[in-house]
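Position chain W against the provided structure of chain H, taking the given hints into account.
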Amino acid sequence: MLKRLLLTSSAALMLPFAAAAQNVVTMNTVQIFGTIDPAKISDYTDYMAAVNLYDGLVTVDSEGNLVPQLAESWVVADDASSVTFTLRADAHFSDGSPVEAKDVVYSFERLLRINQGPANLFDGVVESGNVLANDDGTVTFNLSRPFAPFMATVPALMIVNSDVVAEHAGDDDAQAWLGENVAGAGAYLLQSWDRGAQMTITRDAGYYGGFGDGPIDEVRWVITNDEATVRAMAASGELTMTSQYQSPETYKALVDMGRFRIESRPTSTAFYLKLNTQAEPTDDVHIRRAIAYATDYDTIRDVILPGEQMTTVLPQGFAAFWNPDVEAPRYDLAAAADEIAQSSWAGQPIPITLSYVAGTAFEEEISLLMQANLESLGFVVTQDPEPWNRITEIASSVEQTPNVNQIFYGPTYPSPDSMFFPQFDSAASGTWISMDWLQDPEVDAMIAAARATGDVDEQAVIYKDLQALLADRMVSIPLMAQTQQHAMDNCLTGFVAVPPMMSFEFDFSRYAWTC
Amino acid sequence: MSDLDLSEQAALSNAWQNWYRFSRNPTAVIGAIIVVVAVLLAVFAPYIVPYPADAGAVVDFQHRHLPPSWEHWFGTDNTGRDNFSRAIYGLRVSLALAGVVLVIAVPVGTVLGILAGYFGGWTEIVIMRLTDIALAIPPLVVALAVAAVLEPTLLNSMLALASLWWTWHARLVYSVTRQVRAQEYIEAAETLGASKLHILFREILPNVISPVAVKTSLDAGFVILIGAALSYLGLGVRPPTPDLGTMVANGANFLPDFWWESMLPATVILVLALGFNLLGDGLRDLFDVEDVR
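Here the protein sequences line up with chains H and W, keeping their order. Just so you know, we're using our numbering here: the first sequence kicks off at 1 and counts up by one. Just so you know, we're using our numbering here: the second sequence kicks off at 516 and counts up by one.
Treat the hints as calculated values from the structure; they're not laboratory data. Mixed in with the good hints there might be a few duds.
Computed spacing ranges between beta-carbons, pair by pair [stated by the list, open to error]:
no. : chain 1 : residue 1 : chain 2 : residue 2 : range
1   : H       : 331       : W       : 562       : 47 to 53 Å
2   : W       : 640       : H       : 195       : 52 to 58 Å
3   : W       : 551       : H       : 236       : 42 to 48 Å
4   : W       : 666       : H       : 331       : 31 to 37 Å
5   : W       : 653       : H       : 331       : 45 to 51 Å
6   : H       : 337       : W       : 578       : 22 to 28 Å
7   : W       : 551       : H       : 328       : 53 to 59 Å
8   : W       : 690       : H       : 377       : 56 to 62 Å
9   : W       : 578       : H       : 331       : 18 to 24 Å
10  : W       : 582       : H       : 302       : 48 to 54 Å
11  : H       : 259       : W       : 665       : 43 to 49 Å
We put the beta carbon where it would ideally sit given N, CA and C, even for glycine.
Chain H extracted, bound-state conformation (with noise of 0.2 Å):
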């Protein structure tokens, strides 16, 4: 009730503004901005506020290639130990001052040494101090071994102004004050945050890379989970375009407003069920296969939340590195009493905590819908609905890991890497993106031999091989791979899916207004 008086007296306040920007995109989140450092950021509303607030060397299209951004090109060395950049001569930062080499080394070295967000992506790749600056306007990166995804990577790096973070670094790097603060090259200037309930960019006329015909001026992100306030707002015409979270309900009762579309797209963000590895019950891969089995995919494909399906952890996107050969899970209830009658719980209740993101309509739906499965084998069911980020940190002790965690997961970098490493290796456990807790040396070494190599024909046979031994081990059970689905004004367009990259179809530059 709070939360609503809250945003209502927030939206009154802004209402003001409106009359200057002209193109005004409102669009609700599900979840609060975690974080706007760009050394911190991890899940997808962080990277949807950095991908706008910042830019990277490089980014990447809607099919997948590299192109250009602040780096006007690039060099790849012959032995592929090192990638040179050109940067563009005219890069500048919001504040006026040209991107210089030195910022990028900067940016490298700061993400090393706070080793958060994306800093897991270079480790053991980029070491501390082989990134160069050749002249003002060349950056080499050294690697210290050949790391095949090593370019698909960058785009994930964001470039902050050296000068002015170091100014405000105090004791803590900075990162109390990029916390709160912008110091980037991006298409948009951070205007208000209101950590709870909104934040507002606005665009920056100035921006080195340009903007087409009806860009957006402005862009209000307001942070609710509340179908009802979802569908009033879009019923008072303040919202453009919802999240990619809600219920088909709310998608229903929009479209009939006449004003919205739906823009669906395929995408490879996953949704898991990760099942705690080190915790009982869950511990026992028989009781995990019973879970597997006692999951009733469809029902939740088709009435819960609409998804492709999904045989194996690596969604279907990365199509020469999926394994056709992994059958796919299935409902299987008689299997589900077998496995049981296999594991070290056979004759006794089996205790187990269903853990989902508290507020989430079709995530409290699935819990029951696994609650009634898991009860009629005989599990002893504890609901746990957490707001997000008391799962993100409850999600950094593996005591407090709940055993089963509804998690959507999509690859930061066009990589199956970006899959593999953060979810399932030993030396990435800890974060809510490795909610399984797997410690297990033979998946280390499968995930290290296929980044050490550079032949993809070589990754493809580690990666499939790893398929299956997940998929036999059963660690996350992939739901599905999200269809991503939006509500949106008529009038705006610009929406293309990045598939392998998470959050980057929210870049606003790339959007128009057409009325």
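Just chain W, lined up with the frame of chain H:
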């Protein structure tokens, strides 16, 4: 012997008289009926409701969001469960909350109030200033804080509410005790050398029972409302346990198309709180107590 008979008779006719006066007060009777029916429904829920299994984690997606009908008086929710069955079960949570909070708060408040009122001096200063401080803290905020720090369970909400609710009773009993202790029969008992315990609990306590009963009945309605507010904010019982406040919150996601999912459980809360308030008002008229609120 004849003395006892007389007093027994007097008590009987007194009770009869009270009942007669109470039954002539239509709103009080309505309140009493609502409360009694609610308690009976809650106690015998498994035998009464049409779909007892729906109190648990039952999913029937073929029958989600059905409007009210003869099969489903309150319609069905987003997982196809019968809302009427869940609302009846939800009464259990609401009544349990009210019961536990008041069972803890009323005796504590009464004893502290009597002590402060009878002894005065430092006892009074310590107890009543503590009461003032506790009264300044809104119970809903404390319950929110407790739920955020500890786990958001029903038990924690109950304890948080009970830890503040005694103050109202302490203050009420204190003021009644102050009036009573100046009465001559108390002085007489003191002169005769009656023990403090006797005076407190045999002479004074019977005089404060009536206002406490009235207050307790009125409070039950308020506690139920606060419990529903906590559930609405997501700090109530865990799913799938049926709870009226949670049903309202979930149903609100589907307003206005599936209005029955929130409006009908909300009506149940309304009627229940109204019942306790009418009953309390009736008792107040009956005992001729003033200033209870």
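A quick look at each hint next to the structure:
1. 331(H) / 562(W): 47 to 53 Å: At 34 Å between Cβs, range violated.
2. 640(W) / 195(H): 52 to 58 Å: Between residue 640(W) and residue 195(H), where Cβ atoms are some 44 Å apart, the hint is violated.
3. 551(W) / 236(H): 42 to 48 Å: holds (45 Å)
4. 666(W) / 331(H): 31 to 37 Å: holds (32 Å)
5. 653(W) / 331(H): 45 to 51 Å: Hint holds: Cβ distance 48 Å, inside 45 to 51 Å.
6. 337(H) / 578(W): 22 to 28 Å: holds (27 Å)
7. 551(W) / 328(H): 53 to 59 Å: holds (56 Å)
8. 690(W) / 377(H): 56 to 62 Å: holds (60 Å)
9. 578(W) / 331(H): 18 to 24 Å: Between residue 578(W) and residue 331(H), where Cβ atoms are some 20 Å apart, the hint holds.
10. 582(W) / 302(H): 48 to 54 Å: Taking Cβ atoms as reference, residue 582(W) and residue 302(H) lie about 23 Å apart, which means the hint is violated.
11. 259(H) / 665(W): 43 to 49 Å: holds (45 Å)
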